[in-house]
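Note that the protein sequences, when read in sequence, are chains A and B. Residue 40 in my numbering sits at position 40 of the first sequence, with consecutive numbering throughout. Residue 1313 in my numbering sits at position 313 of the second sequence, with consecutive numbering throughout.
No wet-lab data here; the hints were simulated from the structure. Since we're looking at a predicted model, the values are computed, not measured. Treat the hints loosely; a few may be bogus.
Reference listing, derived: stretches of chain A covered by chain B, where coverage requires no fewer than 3 residues with Cβ under 8 Å from a Cβ of chain B [as the list claims (entries may be wrong)]:
1. 10 to 16
2. 26 to 33
3. 41 to 52
4. 55 to 65
By construction, the Cβ of each residue, glycine as well, lies at the ideal position given by its N, Cα and C atoms.
Residue strings, one per chain:
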Amino acid sequence: MAIEEQVLKETALADLHKEVQVYHNRGFRLVQVSCSMVEDSFELSYSFDKDYHFESLRVMVPAGTTVKSISGIYWAAFIYENEIHDFFGLEFEGMSLDYNGTLFKTAKKFPFANVTFRGEEPCQKK
Amino acid sequence: MSKEIVVPFGPQHPVLPEPLHLDLVVEDEKVKEAIPGVGYIHRGLETLVQKREYPEYVYIAERICGICSFIHGMTYCQGIETMMNVEVPERAEFLRVIWSEYSRMHSHLLWLGLFADGMGFENLFMDAWRLREHVLDDMEATTGGRVIQGSAKVGGVRRDISSEKLDEMVTGLEGIRGELKDMMDVFLFDSSVKSRLRNIGMLSPEDAYELGAVGPTLRGSNVASDVRMNGYAAYDRLHFEPVVEDGCDCYARCAVRAKELFASIDLIKEAVQKIPDGPIEVKVTGKPEGEYFSRAEQPRGEVIHYVKGNGTRNLARHRVRTPTMANIPPLVKMLQGCELADVPVITLTIDPCIGCLER
């Protein structure tokens, strides 16, 4: 099996827009944005591709932080940012299309946010 | 005087048996804006990685979708294998290609049938699904399952296919090729089909790329991008070029899928010729640690299974980015300015799979 080489670059939240803009200027397409919980922080991965060359930007976001949307650079990012908001509860500011928490209608609000900072116990324990 | 109204399309709609909702802002029968709504059937499968150990999670990955089931399982396995440095036997890689291409044929024939049905062409619909039955029969004969194959596993595949059966499959596919040519004459050259598809749902190459379109939606806009070119499984040992059309309309996306059927037959034939003897799996021990974005080309386009191991038998995170999700923003763009009557056909050309989207 040919193993795909993947680049993962860590960046600070303050530099995120600048870094995303660099990818856009270099002609990369936005592949996906995903989120994972690392303790009480959100670990965001922004992935880009050009000519089968796959690179990701990694940014750590402390709980309670509002992230500036990248949909001003990559318009299509709205779908991923709305998804992350609905599953994890992470707030994005300035999305090109904001569903206000109604894209995914889940029985439990923010089901993947396995954190206790909202004063709830982790959903997996319920 | 024209008046702006909002027409709700779906989630239950006769032309689209997938629970996708669109709020269509319409003026004088022209769609000014389309706002998609999903989330009616979300199953939360990703969270099950915390309850299922990584080898048995393959069964869940395969159940994300009933059409590209095998490719979901295989892509997940690839992610785990890369994290754990597992070298999959060559025969297993060829078998993965064969079943992946059968899945693609099954999906494209299903889509062509639904598309014909969406246009009101019932005879063509039944013809496409009749051919699909042959593909499903071969999948059932080799894996035991028509819908969920259960053949992918971390370290290889669960079942082998005998040389006699492989030859029989190629002979069967050559028979299908002849019938496909007749059917494609209608899909690609019939004037009534052309009039429904030509210059409808335009998506320029720049927009397709910029909006992150994948699969036939991207290749129908003249962008030659296909993850199979990365050479995963055994694709690096087979001759393959992406099928590209430059029409940028519904017809082009239909033509890409139609021509990909022939490409799949060629790939299966070549894989059968080159498949080596040997084991079909290796024993995998240990616990995955690290992370990987595993990519594969599903019938609808690029799928990504992000896997993150934490050194235990359960993954820390599993995330699936399906092709339908990537194709939603391009769909919004295509629907802007179209005729209301063309909405079903345009929506169908991204081949929305809400089962995948709401994994």
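Which numbered hints does this structure break? Violated: hints 1 and 4.
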